[in-house]
Amino acid sequence: MKNIDSKGHVRGESIYLDDIPMRVGTLYGDIYDAPCAHGKIKSVDYSEAEQFPGVVKILTHQDVSGENQIGGIFPDEPLFAEDEIHFWGMPIALIIAETEYIARQARKLIKIDIEKLPAIVDPKEAKAKGSLIFPPRTFKLGDVEAAWEGCDYVFEGSADSGGQEHLYIETQGAYAYLMENGNVRIASSTQGPTAVQRTVAKVLGVPMHKVEVDVTRLGGGFGGKEDQATAWGVMAALATTALKRPVKIALHRMDDMRMTGKRHPYRSDFKIGLNKDLKITAYEVTFYQNAGAAADLSPAVMERTLFHATNSYYIPNVTATAYSCRTHLPPNTAFRGFGGPQGMFVMESAIAKAARELGVEPHEIQQRNLLKDGDEFPYGQIVDHAEALSTWENAVDKFKLQSLRQEVDDFNSHNKHLKKGIAMQPVCFGISFTNTPMNNARALVHIYSDGSVGVSTGAVEMGQGVNTKMLQVAASTFSIDPAKVKLETTNTTRVANTSPSAASSTADLNGKALQIACDKLLERLKETAAKVLKSEVTYILLQDDQVYCEGKPTELSWEQLVQAAFLDRVCLTENGHYATPVIHFDKAKEKGHPFAYHVYGTAILVVTVDCIRGTYVFDAVKLVHDFGKSMNEHIDLGQIEGGLVQGIGWMTMEDLQYNDEGKLLSNALSTYKVPDIYSVPKEIIVEALETEGHEMAILKSKAVGEPPLMYGLGAYFAIQDAIRAYNPDYQMKFDAPFTPEKVLNGLYEKSNVSVPGV
Amino acid sequence: MEFILNDSIIKTDKPGGMTLLDFIRYDNHLTGTKIGCREGDCGACTVLIGELKEGKVSYKSMTSCITPLINVKGKHVVTIEGLNMKELSPVQQAFVETGGTQCGFCTAGFIVSLSGYCMSEKEPRYEDGISAIDGNICRCTGYKSIERATDMIVERLAQKDVNDPVSWLVNEQFIPEYFIDIPNKLEAIKMASQPTNGHEEGLPKVGGGTDLYVQRPDDLITGSVNGFYDLPALKNITITTNKCLLGAGVTVSDLMKSKEFNSLFPSLQKHLKLVSSTQIRNMGTIAGNFVNASPIGDLTIFFLALDSTLHLRETGGEIRKVKLRDFYKGYKEITLKANELVEGVEFNLPDDSTYFNFEKVSKRTYLDIASVNAAICITLTADGCVETIHASAGGVGPTPLYLSKTSSYLKGKSLTPDHVRSAVEMLREDTSPISDVRGSREYKILLLRQLFFAHFIELFPEKFEIEMLV
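Heads up: the protein sequence lines correspond to chains A and B, in order.
Be aware that the first sequence starts at 1, since it is given in the numbering used here, and climbs by one per residue.
Be aware that the second sequence starts at 1, since it is given in the numbering used here, and climbs by one per residue.
The following block holds chain B by itself, in its conformation from the complex (with noise of 0.2 angstroms):
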């Protein structure tokens, strides 16, 4: 496979399923990559990933240590050792300014990170800066510092060409000007890199690889993989006049950019900065999110309560069509043939009369898996009356739950605390919580009924009060 690492072309037969943070590291010497976790929870192993699409380059921060190799094939993979020049940068410089750095082992994928940002064709802003380090854990500094050194680069960053970033950060001396020449040189490549996976069968299969290199890094990384991350008939977001089609390869990230599918949710970044984080967000996949089966998948909860079916496909066969709430038969058990992949998603639009809510809580709010989440969409009738209803819940069950009591009983009811309230006797019939790292069973029951009032207190303020319902 071919591919770019920083300036040079990389051509190598190593492993597709080896770890793109060991061939930075080990294979070519590129020690600025930190080993912090190899579980994506970290970000010092951050490295940008450059993708070329209609003649430019659009960059993603990813953590390395849960990338497979051929996950970047045909792409730039820029390291800290590719950003350098003979003078700091302004992103490098901020740190040493504010003293962001302190024992220095986070800190270039800190400033890859930020690095990555300066590239985004948006306008800047100090949110989004900080938004981009959400995954680089810093145990010295208290942060304080990297706020500020943010502040600096985003002021910076106000004179930016939105339109041709890449240029401007050159001139600006934000990073080299082998930038220039990326588009080219992939163009050049294009050919030796078209994706051939997504059809060895017998490999193991392989998305975003963001759990999977969390679970059994070791029986992937030596040797092939059937990866399915860059096949671009998995990319799509289709909206049609009543229905809404996700690819299976769609990113966390992908909805939270896409205008269309913000349009149908309204509360979606809210929603969705609480998945993961922004490299996690910028490399999982919807249906590795489904067929991992956790039974705290935050997307799978989002898509339980929108009463999502699955496209299912064996090869060469015909698409089967599975309800996500069917999909769970146990633990980790999932309705998937042997040579079944998942193609997508698909739901049926939220209208006017559609309201929809997640709620997730974990012991740290962001870049943590929940200890519950829920999620729930409701229609309602002209005169106010729960028309269609669909509630879903995490961490409470051996899968994530689709709670087909409490919706029945909600369904056609009027929205009063009474009936909300008698609701919470049902989810105790839906879900079968244990004790574990994330929470008592106690608490676990204790907080998915909080979760449940949050939903109403969050889509009907005007109706709903905590003190009403507890």
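The following block holds chain A by itself, in its conformation from the complex (with noise of 0.2 angstroms):
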């Protein structure tokens, strides 16, 4: 089945924040920052921007009714600055205008003092001066200080890997406007309707059922929205409650991007200990994850990193220990794997330097080590339905490894100025909150009495066809035609209480929130049926929008059954709720098993270096992906392309800067690059992996929207391939994204020589 909201898509016509059209009255709101990373606020003087005619107001902390604060997990982050600022782009101020230009103009007139303080910018100096986001935590499996004395080889170093900017193609906003009794209700761009709503509610200082948020759908999300969609929400809230009138922030690209946090720089040391057979016997490492200068998800994202810090290898003695750094950074905060990718990273760094110093190929540790029924994750979940080694060889099979390598060599030895290289990457990914409280959902679901259906869950559709994927659940459950089932907006007022859109699992919990609904309302009809057509229920089956009974179709139409139903004063509508069975955690003890069930898959990639510039092209991506029995092969390969690519993104010219004084430099798309349709492999080809998928994921097609992302993680090796193809001097380094500027120096680099003309 195609995506139902791609019609609206390539005709204009779906309704994102910015085309809701305007009620009379709407002010706009823009937000004055602070221009400097870390200082105390002397003074701020808001006379000029305040008489600047169209102003009509400006919000600071003391217009706050409620608490100023709008930390998630930690109370820690304050919706705007009152004495002291943390990060460069902290919101100070909101201006409210008669339009948006007014109310940009006014913002350039506000004058600030400030006694300016010393910035940190880096994870390892901010844990070094003891700034911490909460205390450090470690997984342990084995005993790795006792294994180290037992490994033929041991090899150290440090890896780093950079940032990430969400670039959602929509930015950030929320548009909010009053009902009656000052309830409120807000239009936001977020992934988490329940956040903002709970947020608004403790900074307006009023009960959550005051507040009402709805999301039609993101242009656009990839974790950006998770938990830093909630400070527009809030403001516009505030203003609206304050003023009587509509309010609309809508961002704009320089301010979204200066004023949000993204995906974590981390910094990382790592210890890995291997016997003669390849097999890795110990594996130990550190994390400082650069937080920036509040929680935000920070916890959640560093959890993640512990749980994928052995990707999909089996390595029986492991320490992994993590610190949340808090810098002078905005907040940092969900992206796409969620932490997962960078533990990653630091694991496969580990690999290619072992297999440098042992002279093999890193396929060959790899291939050794990958994760089999029967083993123990680091944080105790025991591996079953394994598919590592099944994805891996299959991979080798299918695409021909060995002949792949071949031509790349062959390839190298006959060409001087571009040398190709070629690496494989394995992924292994937990499906579920790994906060498993937040593993649960509601969906809600009216038929009407003309046989129409509509359908509200508290999944946020942002691209990944989570309301396709909803519609096949109540379509496939009733049996009845799709376009019978309409998907309703996100509201908190139909569905409540809900975990953000995120983590993959939003088709997972809220499809099998549905399933539950339907599944109780398809028993009623039955019933139904059977007393019209005085059968038993048993005998009744609801197929192709007809009731069968005793195995053969009768006269009852869906729609027919469905107006019997109503009139025999059936109840219609029904309330789903799913609660992931199985999982648990003891923080404690950082053992349990945390995950429904885990996603597998191997990649082959092959790049070709231009030996004079620097730059690279991408000649193919190849792999074999565990979907389980997808339920969308459509929706769930564009999952796969899209995050391939912006792994690969991330791994090579997605280059966040920021200055020593914690002032973001890459701060616009002319600035900041990402993949454009010549800087995508030229190939990408998708095989799934023949399963029988799995019963904890919805109709046993497994979550997809973050596992692809790591394939991207190859794209540093085989870069690094290919530039030692040319060079053999090159010293290896673990420092993503591999720039062009990078891939240059390591070409050119002698031990002791200087460039000639450097």
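Read the hints as simulated data drawn from the structure, not as lab findings.
We treat Cβ as the ideally placed atom computed from N, Cα and C, and that holds for glycine.
Honestly, I wouldn't trust all of these hints.
[To be verified] Some chain A residues near chain B, calculated using beta-carbon distances under 8 angstroms: (1) Val-10; (2) Gly-12; (3) Gln-105; (4) His-252; (5) His-417; (6) Met-462; (7) Thr-615; (8) Leu-637; (9) Leu-644; (10) Met-653; (11) Ser-666.
Starting from the two chains in their separate frames, assemble the complex, guided by the hints.
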């Protein structure tokens, strides 16, 4: 089934935040933010801005009627700065004006006097100064200290990865207006409607039932609108409450890039021990997460880094420690993969380093250590339904790894200016919110008396196709024409207390809840049918919009059945609630069974590096992915291709740069580059691993949002392989992204010889 | 001013400096055109601008976020709403079929760009279809589904009547029927929309707007501007026996489309494809690139290596000729008087003994600003020595640089790896790169050396290989 939203998209008729028809009297908000990363506010002079024609009001922390606090996990993040500034771009005030232009002009008239303080931008420096968000955590398996002695080889190193700007093409925003009795309704571009609702209630000092959040769709999220959409929703609600007029905030791109957090940059140190047979027997890793100025989702992101520290490999002795380091960058946040990719990058770096030192191909080490059923993850979960080896072997066979390698070597021996490189990238990603209580969802289904169906869930559509998948669940459960089902907006008054659309789990959780609701309705309808047909429920079947009795079609259509049930006063509305079974995790012991299941896959990446210019092109990415039994191959393929390219972008051109004072330098699309149509791999082949699927996945179709991003890690190691083919003196460094600058330096670095001309 | 927006004639007294995007979205409530970046870098706001020429309308894609309203005077502006019919067009259908749309926010921009491509009078080619969307960024799909959609569309176009694409496209329901009448309607508003621009003193001067609207939109969007984009006199490409004269308003796309200009530079397509994106190339003028004075202006580097001469003129005055290499005085400082205008640029025609090359490296190969760009133009004597040489480089100093020391060092020398290597020493004296977001100082020094080597490897492959040089 094709994506049900695509028709609106291609006609430009889908409605995003900035497309909502304006209510009469709407005002516009623009944020005045901190012009330095760390300091004490001595005074702010708003007088000139306040007098600017068209400015209605400037709101600050003093206008907050409840708590000036938006921190989701820890209350450590003010909505508006009070006395101190903690990051460049921290909101200080909200200018409300008759037009957006006026608000922006007025912003330039605000004067601030700040006593500047030194800014920390490096997480290791923050750790050294004791600046942590919360205490470090350690995951342990076996006994690393004891294991080193028994290792034939031990290697140490460090690996750093940069941040990543989400670059959803629709920027952050919210539109709020008052209903009766001071109730407020907010249209928000958020992945977490409940987070917006809860925080608005807290900041306004009102109960949650006075706040309604409605989400139609997002123009991209990728994690960037999970927690960080909240501030704008809260500000719009605050202003609309204060001024009794509708208020819209839609951030300008540069404001969005400056004010919002991104994927966490990490610095890490590793030590890896192997035996002669290339089995990894010990692995020690320390992560320094650059959390930015406030917790935001950093504790959860850091936790997932620990969960995925060993990627697809079984290592019997592991100690993984992570520090969440408080710096003066904007609070870093969720981004597809949620800390997992950062952890896996270090693991892959350690393997690459060991392979180089031992003179073997990295894939020889990778292959020998893949997870098998019965192995234990460092967090105590026992591996079952492992598809690490099967995807690996399928990839090696289907794509003929040996001949690919041969082609690369042949090319390299025949070409002087161009060199090719190759890398294998296995991925293992756990599915569930690592915070167990969040793994639940609800759905509300109305069957209208004419047989049409309205479905509400907690799922937010942001391009991942969850609307389509929900529609498939409802239509297939009732066995009716999908055209009879409509997906409603995501609204806190219809489905309450939701978890955000995140963790790749949205379709699983909401889909299962929807299935439960539909099953209950189906049961009732069957009872009606049995009554009408004077039969018994067990003989009734609904199929293709028709009622079947004892295996034969009857005169009763879906519409007639619904009508009969309606006249018989049967309740045609149902609510479903689903909470993932089995999962648990004990944070005191750092052990448990946190994931419903894991998703596996293996990719082969081939790159060509221009050794004159230091540029590169990806020739091909060929991968075998464990979809389970895909319920929508069309949508799932799109997730693989899109995730992969986003991962390659993170590893190559997406170069997030801050200066030493904590100012974002790559602050616009002209200076922060995401992949364009020419920079994606020329060929992407996605093969589905044949499996029976997983019972805990919706319709046995495994979660697909985040895992493919990590195939992109291989981009780094493929480039490294090509550089080595040109420059045998190249000293391996693990410092993503691999920009053309680093590539050129790598191509021409010589031990102790300066490059002529430099 | 008057113009046509989709199927409606628009008469408006809105300021000419206002962006077309705001006019479309907020004054006309056509919300299919999206705001992604407001600097021409994402393509979500792409529209088609049709211009009447000799009874036909030729359509180009442009990013409406940096298009001043005045630049569409007398033209046909097409948004996604103006392409919608009762049923999906084959372009729209292809995106649905292939999953070329996920969040959908960038989608309308892609549909508009590709629909514009369909109207081209060239034989359909997949590569050209892709080229038409090189200025559209999608963050969701990884583009593969969009490539598949493009392939489907190009296949459908195989039957296209390239002499009258609009009628064919209307028949095949690629575009709505009203397109047939547009030439007549444009003809009718022609008198009301004569270019009055370019004559109002004291207002900000705007050509294509591609840089001004990125650098200082707030200074422009509420008032009138002095627009030069449509002055016919500035649009000419004139080639005489030994010179080429380009009008100031010639766009990068005009250069790429000109048969004559292509014949002068065999690798022109490859070189100019490195300049921004299709949408921006459709808007950006050569004079805009010169006066913008960016130290890494691609066209400026290109024309510096041709040792070009600018034609400047004060209102009502005589032409003053200034060498492009003498035009730059310091960072963003140029020798242009307050009421003086760049009218054009001229250079000597290359001949059979001329070797020209342009190189550019940026973080992303296309639609990016250079870390370093470089150009060279060499003529050889009969015995293979360097007769004349002009080399230029961007991103390695406060202005676009003419590499005079390097050039004069190589003049008269034979083409040997030794001489080229020694010339690299001179690059150090010609340049003064600094570290910034596009690369460290050390990188730019190394990269310039490599690009300089690349010139010789590209131009004289039988003589140079990278091993001989490094």
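We went through each hint and held it up to the structure:
no.	hint	verdict
1	Val-10	4 angstroms, holds
2	Gly-12	2 angstroms, holds
3	Gln-105	7 angstroms, holds
4	His-252	7 angstroms, holds
5	His-417	6 angstroms, holds
6	Met-462	6 angstroms, holds
7	Thr-615	6 angstroms, holds
8	Leu-637	7 angstroms, holds
9	Leu-644	6 angstroms, holds
10	Met-653	5 angstroms, holds
11	Ser-666	6 angstroms, holds
Checked against the numbered hints listed earlier, the structure breaks none of them; every hint is satisfied.
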